[in-house]
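Protein sequences, first through last, are from chains A and B.
Residue numbers for the first sequence, in our numbering: 1 to 265.
Residue numbers for the second sequence, in our numbering: 1001 to 1156.
Simulated from the structure, these hints should not be mistaken for laboratory data.
Where is the CB? At the ideal position from N, CA and C, for every residue including glycine.
Among these hints, one or two may not hold up.
Below are the DSS-like pairs computed for lysine-lysine, each with C-alpha atoms no more than 30 Å apart in a straight line [what the hints assert, rightly or not]: (1) 39/A <-> 1155/B; (2) 26/A <-> 1088/B; (3) 26/A <-> 1003/B; (4) 1088/B <-> 1055/B; (5) 1117/B <-> 1055/B; (6) 1088/B <-> 1117/B; (7) 1155/B <-> 1055/B; (8) 26/A <-> 1055/B; (9) 1147/B <-> 1088/B; (10) 39/A <-> 1147/B; (11) 39/A <-> 1117/B; (12) 1147/B <-> 1117/B; (13) 167/A <-> 192/A; (14) 26/A <-> 39/A; (15) 1005/B <-> 1055/B; (16) 1088/B <-> 1155/B; (17) 1055/B <-> 1147/B; (18) 1003/B <-> 1088/B.
To give an idea of the interface, some chain A residues facing chain B are shown, with a C-beta separation under 10 Å as derived from the structure [claimed, not checked]: (19) 2; (20) 48; (21) 182; (22) 233; (23) 234.
Across the chosen pairs, the derived CB separations fall in these ranges [said to hold, decoys possible]: (24) 251/A <-> 1126/B: 51 to 61 Å; (25) 1119/B <-> 236/A: 40 to 50 Å; (26) 1119/B <-> 150/A: 49 to 59 Å.
One letter stands for each residue in the lines below.
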Amino acid sequence: MYPTTYHKPETLEAASATLGDAEEAKILAGGHTLLPTMKNHLAAPTDLVDIRGIAALNGISEDGGTLTIGATTTHAEVSNSPVVASACPALACLAGGIGDPAVRHVGTIGGSVANNDPAADYPAAVLGLGATVVTNRRDIAAEDFFDGMFATVLEEGEIITSVRFPKCDLAGYSKFPNPASRYAMVGVFVAKSGGSVRVAVTGAGEDGVFRHEGLEAALSANFSPDAVDGVAISSDGLLSDLHGDADYRANLIRVMAKRAVSAVA
Amino acid sequence: MAKVKLTVNGRAVSRDVPDTTLLSEFLREDLRLTGTHVGCDTSQCGACVVHVDGKAVKSCTMLAASASGGEVTTVEGLANGELHPMQKAFNDNHGLQCGFCTPGMIMSGVDMVNRYKQAGRELTEEAIRHELEGNICRCTGYHNIVKSIQDAATKM
């Protein structure tokens, strides 16, 4: 790792000020992507601002069906939360399938969402549930937030404070994990609210997480695994790498969508 | 430099270290607690698992400065006059061959038994295999590691 200066502010204002003063700062919210990236010299921030000392950024609450998860809430906390289990069991299940137990004790929702790894799980839930990413400056709708592989619309110094998930009737998530890394080769999040169904796909897109219109239309008309069969799933724009080519991933989208629906339909 | 103050295995320690110092480096090189192993250094293998504030974490992927103020337990801190039930179970069940992954296996084993006990859930053989997802052993084929953890779970 190249030298860096570590900061652990206790307030959002102090964190914001440090981010503003530093030459090239990075926010540390769990570090399970950032620290390995720094070890590989692929990132060399002059300053690290650890936001886990800011008490207001941690915790889970539910109000009128809206579930709010603080940015520094760990995957283990989400996965074990009775509040999440009751409001949106698919989200608890998704968090419990990230990495391994030791990773889940440290990795956070804010870190995962801000990093927008094309194979991460949380972006699928955020987009699939139509969540709102709340920062120290504004509220950002999921549709507007993700901006291509490893990119988001977050500005310099902008800090995610929480993610707000609206109520939905049914939701399911199914992923085919890469057997070595546990990242999603393909993960499909399906959410049904009234007559409308949203389907978000992670792990497969060249530009990261995306919604699948064909699956959404078919499942809105008939929320059953069989409805998935008739949908054309194009391999255009899907990732091809040593783990699987675009056609393989297109097929996995179908299989994961079916599993996600059959788990809850 | 970062001032790192920790309680490690019940003992208060304080050191000034570079801000980039990993918890694994701090334990091994500054405190000479070499029971915590570094295998892959990429948070895959789990040889470096220690407990920070009661939770199993991969110490190669945490800055020592981030842990500052907290309590750390390493494999050296488990035995209390006699071997911890998890250590004894690994011994009794031949839960290791070369031993490189063993500190991490033991720390993950203790963590999972504690978590399941706290949640009132049964730690089945299947659950143990699933829970060991983040700990890699290249010798044993895992069978005796799983048996060791099952054995220890009945004694903890």
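**OP:** Mind checking the alpha carbons of residue 26/A and residue 1003/B for me, to see if they're no more than 30 Å apart?
**Re:** 20 Å, holds
Original post:
Does residue 182/A pass the interface check with chain B, least Cβ-Cβ distance below 10 Å?
Top reply: At 7 Å from the nearest chain B Cβ, residue 182/A passes the 10 Å test, so the hint holds.
**OP:** Under 10 Å, Cβ to Cβ, is where residue 48/A needs to be relative to chain B, so tell me if that hint holds or is violated.
**Re:** 7 Å, holds
Original post:
For the hint on residue 234/A, does the least C-beta distance to chain B fall short of 10 Å?
Top reply: 33 Å, violated
Original post:
Is the Cα-Cα distance between residue 1003/B and residue 1088/B 30 Å or less?
Top reply: Not OK: residue 1003/B and residue 1088/B at ~36 Å, beyond 30 Å, violated.
**OP:** Verify the proposed pairing of residue 1005/B with residue 1055/B, using a straight-line Cα cut of 30 Å.
**Re:** Answer holds: residue 1005/B to residue 1055/B is near 18 Å, not above 30 Å.
**OP:** Go ahead and decide if the range 40 to 50 Å is satisfied by the Cβ distance of residue 1119/B to residue 236/A.
**Re:** 45 Å, holds
**OP:** Verify the proposed pairing of residue 39/A with residue 1147/B, using a straight-line Cα cut of 30 Å.
**Re:** 36 Å, violated
Original post:
Between residue 1147/B and residue 1088/B, is the straight-line Cα distance small enough, at 30 Å or below?
Top reply: 12 Å, holds
**OP:** Could you see if the CB distance from residue 251/A to residue 1126/B stays within 51 to 61 Å?
**Re:** 28 Å, violated
**OP:** Just tell me: holds or violated, for the beta carbon distance of residue 1119/B and residue 150/A against 49 to 59 Å?
**Re:** For residue 1119/B and residue 150/A the Cβ distance comes to about 35 Å; the hint is violated.
Original post:
Given the proposed pairing of residue 26/A with residue 1088/B, does the C-alpha separation stay at or below 30 Å?
Top reply: 44 Å, violated
Going through the hint list in order, the structure does not satisfy hints 1, 2, 10, 11, 18, 22, 23, 24, 26.
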